[in-house]
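Using the sequences and the hints, build the whole thing.
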Amino acid sequence: MLKTVRDLFRYNLEFALGAILILIVFSFAAASFFSPYPPMDSYVVAPDVPPSWAYPFGTNSRGQDVFWQLTLAIRNSLLFGLSVALMSRILSLLIGLVAGYAGGITDRILMTINDTFVVIPLFPILVLFFFMMRDNMSWPMLAIAMASLGWPYDARLIRSVALSLRTREFTAMSVFSGMSTRQILVEEHLPYVLPIVFSTTLNNMNWSIGLEVTLSVIGFTNIETPTIGTMIYWANQHTAMVAGVWWWIFFPVVLVIMTFLGLYLLSVSMNEYIDPRSRLTRMGGQG
Amino acid sequence: MRTYALYLVRRFAQFILVVFIGINIAYLITHLTPVDPVEQAISSVTMFGQSSPEMVEVMRKTLRELYGLEGSAWEQYVTFWRRMATGDFGPSLSAFPTPVSTLIWQALPWTLGLLVCSTLIAWIVGNFLGGLAGYYRKNSLLKALGILAMSLQPIPYYIVAFILLVVFGFLWPVLPISGGAEMNIDRQGFAFAGSIIKHSILPALSLVLVGLGAWFIGMRSLVSNIVTEDYVTYAELGGVDRRRILFSYVMRNALSPQLTGLALSLGAIFNGAIITEFVFGYPGMGTLLVRAVNAGDYSLVLGITSVSIIAVASAILVIDIIYPLLDPRVARS
Amino acid sequence: MNARPRANGSADVMLDVKNLRAYYVTKYFGTQREVRAVDDISLRVGRNEIYGLAGESSSGKTTFIKTIAAAIRPPLTVVGGSIRYSFLDRDIYKLDRAALSAIRWRHLSYIPQGSMNVLNPVRRVRESFIDFALPHMDLRKQQFFAAIVAHLERLQLAPGVLDAYPHELSGGMRQRIAIALATVCRPDFIIADEPTTALDVVVQKSVLELIREAQREIGSSMIFVTHDMAVHANISDRLGIMYAGRLVEEAPTAEIFRSPKHPYTQHLIASLPRIGDLSAKRALTGAPPSLAEPPSGCRFHPRCPLAMDICRETHPELVTIDPRHRVACHAVSPVVRPDRVVAAAAKQRTGLVQ
Chain X
1 MLKTVRDLFR
11 YNLEFALGAI
21 LILIVFSFAA
31 ASFFSPYPPM
41 DSYVVAPDVP
51 PSWAYPFGTN
61 SRGQDVFWQL
71 TLAIRNSLLF
81 GLSVALMSRI
91 LSLLIGLVAG
101 YAGGITDRIL
111 MTINDTFVVI
121 PLFPILVLFF
131 FMMRDNMSWP
141 MLAIAMASLG
151 WPYDARLIRS
161 VALSLRTREF
171 TAMSVFSGMS
181 TRQILVEEHL
191 PYVLPIVFST
201 TLNNMNWSIG
211 LEVTLSVIGF
221 TNIETPTIGT
231 MIYWANQHTA
241 MVAGVWWWIF
251 FPVVLVIMTF
261 LGLYLLSVSM
271 NEYIDPRSRL
281 TRMGGQG
Chain R
1 MRTYALYLVR
11 RFAQFILVVF
21 IGINIAYLIT
31 HLTPVDPVEQ
41 AISSVTMFGQ
51 SSPEMVEVMR
61 KTLRELYGLE
71 GSAWEQYVTF
81 WRRMATGDFG
91 PSLSAFPTPV
101 STLIWQALPW
111 TLGLLVCSTL
121 IAWIVGNFLG
131 GLAGYYRKNS
141 LLKALGILAM
151 SLQPIPYYIV
161 AFILLVVFGF
171 LWPVLPISGG
181 AEMNIDRQGF
191 AFAGSIIKHS
201 ILPALSLVLV
211 GLGAWFIGMR
221 SLVSNIVTED
231 YVTYAELGGV
241 DRRRILFSYV
251 MRNALSPQLT
261 GLALSLGAIF
271 NGAIITEFVF
281 GYPGMGTLLV
291 RAVNAGDYSL
301 VLGITSVSII
311 AVASAILVID
321 IIYPLLDPRV
331 ARS
Chain W
1 MNARPRANGS
11 ADVMLDVKNL
21 RAYYVTKYFG
31 TQREVRAVDD
41 ISLRVGRNEI
51 YGLAGESSSG
61 KTTFIKTIAA
71 AIRPPLTVVG
81 GSIRYSFLDR
91 DIYKLDRAAL
101 SAIRWRHLSY
111 IPQGSMNVLN
121 PVRRVRESFI
131 DFALPHMDLR
141 KQQFFAAIVA
151 HLERLQLAPG
161 VLDAYPHELS
171 GGMRQRIAIA
181 LATVCRPDFI
191 IADEPTTALD
201 VVVQKSVLEL
211 IREAQREIGS
221 SMIFVTHDMA
231 VHANISDRLG
241 IMYAGRLVEE
251 APTAEIFRSP
261 KHPYTQHLIA
271 SLPRIGDLSA
281 KRALTGAPPS
291 LAEPPSGCRF
301 HPRCPLAMDI
311 CRETHPELVT
321 IDPRHRVACH
331 AVSPVVRPDR
341 VVAAAAKQRT
351 GLVQ
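Residue numbers (the working numbering), protein chains in the order written: chain X, 1 to 287; chain R, 1 to 333; chain W, 1 to 354.
Treat the hints as calculated values from the structure; they're not laboratory data. Wrong hints could be hidden among the right ones.
Under the rule of at most 30 Å between Cα atoms (straight-line distance), these lysine-lysine pairs were calculated in the DSS-like manner [said to hold, decoys possible]:
1) R/K143 - W/K94
2) W/K27 - W/K66
3) R/K138 - W/K94
4) W/K66 - W/K205
5) W/K27 - R/K143
6) W/K27 - X/K3
7) R/K138 - W/K66
8) W/K205 - W/K141
9) W/K18 - W/K66
10) W/K27 - R/K138
11) W/K94 - W/K18
12) W/K66 - W/K94
Chain R is nowhere near these chain X residues, computed Cβ spacing over 12 Å in every case [claimed, not checked]:
13) P36
14) G63
15) L128
16) S164
Think of the CB as a built atom: it goes at the ideal place given N, C-alpha and C, for glycine as much as any other residue.
Put into structure tokens, the structure is as follows:
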């Protein structure tokens with residue numbers, strides 16, 4: 001495991017770049033625990049101070065320190081992305097493994113539903129959800145809503161892996177040796193599916209963080225919870241660009257782009273690593 | 001021919017299913033959430049002035065009827081579907097008494113125009129360049145394009161649109177950053193058309209940039225798989241003209257999966273379009289949706305959501321119908 | 001362009017391969033590997049001759065034909081040796097893309113494996129003929145199609161197949177079209193890579209006949225590769241046996257079947273089913289060696305029933321024992337240590353009697 005990470009770091013530029021970006025973003029989020037003042041309290045510092053030694057990212061028009069607010073915002077955004085990803089993993093694993101393993105009519109039905117969910121435009125539906133919830137909207141609720149809509153793409157991927165596993169010899173072995181379906185899925189197939197689950201987790205985090213930013217910026221979430229999206233929302237509310245308080249917008253945007261790029265690069269390099277064809281060349285196999 | 005008909009029937013069934021599940025999700029959201037849209041509308045009206053309890057009661061009854069929230073759950077469900085089928089979403093509350101359908105019909109062409117143009121440009125250009133990049137792996141210009149595509153692909157539509165807005169709105173103001181066309185202009189003729197194009201450049205550009213990256217990367221990896229296919233290896237062994245191999249063998253065979261990819265991502269592209277519209281104040285469905293939410297216009301929000309689902313499903317059906325033209329194998333299997 | 005017989009060789013040699021070595025050199029995530037798939041192979045193919053190449057999978061025969069067809073793509077690299085065709089005045093793998101395109105199909109063509117999908121699935125068969133053959137035939141389109149139809153009819157194929165898509169045809173039909181495609185320009189040399197493998201036996205027979213007919217009709221030379229000795233018995237004039245990247249024996253087909261010298265060849269022939277033969281077939285123990293780390297000395301020694309000390313130490317040269325028979329085995333060639341050979345030969349005889 002450690003050796004794999006070291007090899008990836010050394011020979012895969014995408015992995016190295018992604019890992020560095022994510023490391024920066026995570027340490028930034030970790031810094032939120034050392035904030036000298038509650039980051040959401042208004043007027044704790046002088047408003048509209050440009051970046052300086054005292055305030056590296058400046059302060060905003062609400063008298064908040066952009067640096068410390070950003071640490072909390074990115075922590076919340078990451079946490080949000082992670083919880084959506086984890087919750088939707090349960091659904092996509094369940095549906096993907098069952099469809100791939102059961103095959104036949106079960107597979108056909110599940111995948112038809114799956115493909116339907118893939119194409120339904122989620123944004124208007126999430127807006128409708130916000131419209132109905134209004135002040136009751138909280139981010140755990142949004143996370144649950146997004147998790148219950150964001151599983152299908154990865155369920156299809158996991159199904160294709162499970163489908164290829166089903167035809168392998170050891171599955172037949174396990175069936176003959178009297179293992180139950182549940183046992184086969186959990187003990188035999190899960191280890192093969194885990195790498196792809198991991199890489200889809202990263203992709204799903206990207207998707208959910210992106211969608212959360214979008215909804216927040218329009219003001220369609222709970223705008224009192226600091227996330228990257230709500231930071232930009234408040235900056236827009238105070239017309240930060242017109243007022244020349246560019247640092248209020250610039251730093252959140254840069255940080256969130258680093259997050260997207262980092263997660264994406266990690267998942268790309270991970271896919272390349274688990275791709276059976278590149279694995280074969282790596283081991284020197286020849287067709 | 002019979003197989004083609006069978007294929008069409010199957011695709012049409014999928015279309016029905018998408019609409020059915022999508023609209024049902026919308027129904028569930030509106031009926032299972034704890035907030036009553038009628039009470040919400042009433043409280044927003046009564047907030048600004050005194051209303052007699054009788055007046056409120058009349059208003060409540062009218063709104064219930066208007067929103068189709070009368071009767072048992074089953075009756076409401078049937079009403080809901082009847083309204084969907086007839087396209088009658090009732091009058092809009094914020095633009096009373098204009099029907100919701102009229103408002104949507106006014107916004108839809110803008111969204112469709114923007115969406116179709118930008119999607120086609122992104123798909124064609126992205127696939128073409130991605131195909132070249134997959135075939136000529138050592139070309140450094142294409143490699144650089146690949147890096148650009150990779151850094152654009154994971155960025156959400158909103159951020160790209162927002163960056164364009166900042167760049168062209170504040171740093172280098174050469175393009176209009178808001179609206180669909182100039183206001184004080186004759187609504188026909190070349191000047192108007194030119195104004196529309198000028199206003200759509202930035203929203204379209206942000207959609208194209210994100211889409212381009214995704215198609216580029218998808219096509220590049222597809223092509224690098226297809227070049228190892230038997231028929232490509234054999235054509236190379238046969239000394240078939242290299243450009244012919246690239247276009248008629250490699251890219252041609254990558255097109256059908258990319259068309260499936262287009263059908264599968266139309267939902268996401270649509271999301272992108274309405275977000276971009278909001279950023280640039282483009283007079284389409286996205287801007288209308290945000291305005292409807294902010295005005296508390298229940299019928300309009302529900303109408304836009306439903307029409308979005310039906311529009312995306314129809315677009316996918318169109319792709320499915322032309323798909324067999326690209327891949328002769330489909331109509332058989 | 002370079003289509004004239006070589007001055008320094010016999011005019012009747014169509015292909016002359018000398019000391020060819022082609023390795024796969026891979027480097028991935030920091031590990032470099034070298035797979036010696038073709039290691040020091042020399043052979044000649046005469047005019048009008050069908051040269052059969054036999055050997056199990058991973059014996060390097062596919063790599064060999066990739067190399068002589070100049071279908072070399074990294075990680076495959078030619079490390080040394082020469083490949084001379086009579087219609088070329090230099091090694092084929094040294095040609096650039098344009099020069100290669102010019103000789104392909106007109107001089108050198110290729111019949112693919114029966115299991116391969118060599119026809120572009122989204123193009124009609126007619127278009128494949130245009131892509132492959134038209135640039136090499138100085139004909140207008142109309143004459144060209146007349147020529148194609150005539151060729152198809154000679155091979156007893158209905159011209160209607162031209163308008164079909166590949167998926168509308170059966171596997172055997174597709175393979176027949178591939179053969180028609182490979183022979184339509186009447187090339188000097190044809191490389192056939194397991195063309196009948198993966199076809200069922202009845203189709204296999206008719207495809208074999210088709211290949212031989214086409215070869216006779218246009219009078220080209222051919223290298224025919226298959227692991228199936230029964231197919232070789234039917235089609236090949238001369239036979240070379242490959243094992244682990246090396247040529248271990250070569251002789252006219254009849255001679256090889258009558259008196260195989262190399263223990264590996266003997267095994268291949270002994271394992272063929274014969275009518276009335278009820279004796280149990282002896283299987284070869286062990287698996288073919290890894291070409292990344294081949295055994296020392298003779299590469300066959302870990303599985304050889306006759307293995308001696310010398311086999312583990314030095315690898316045997318391919319030695320001419322008859323004017324048309326070459327073999328690479330310490331137990332057969334009388335060059336080194338005659339005493340051991342006598343002992344081994346005795347052992348070999350008893351081994352065959354068992």
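Ascending list of hint numbers which this structure does not respect: Of the numbered hints given earlier, those the structure breaks are 8, 15, listed in rising order.
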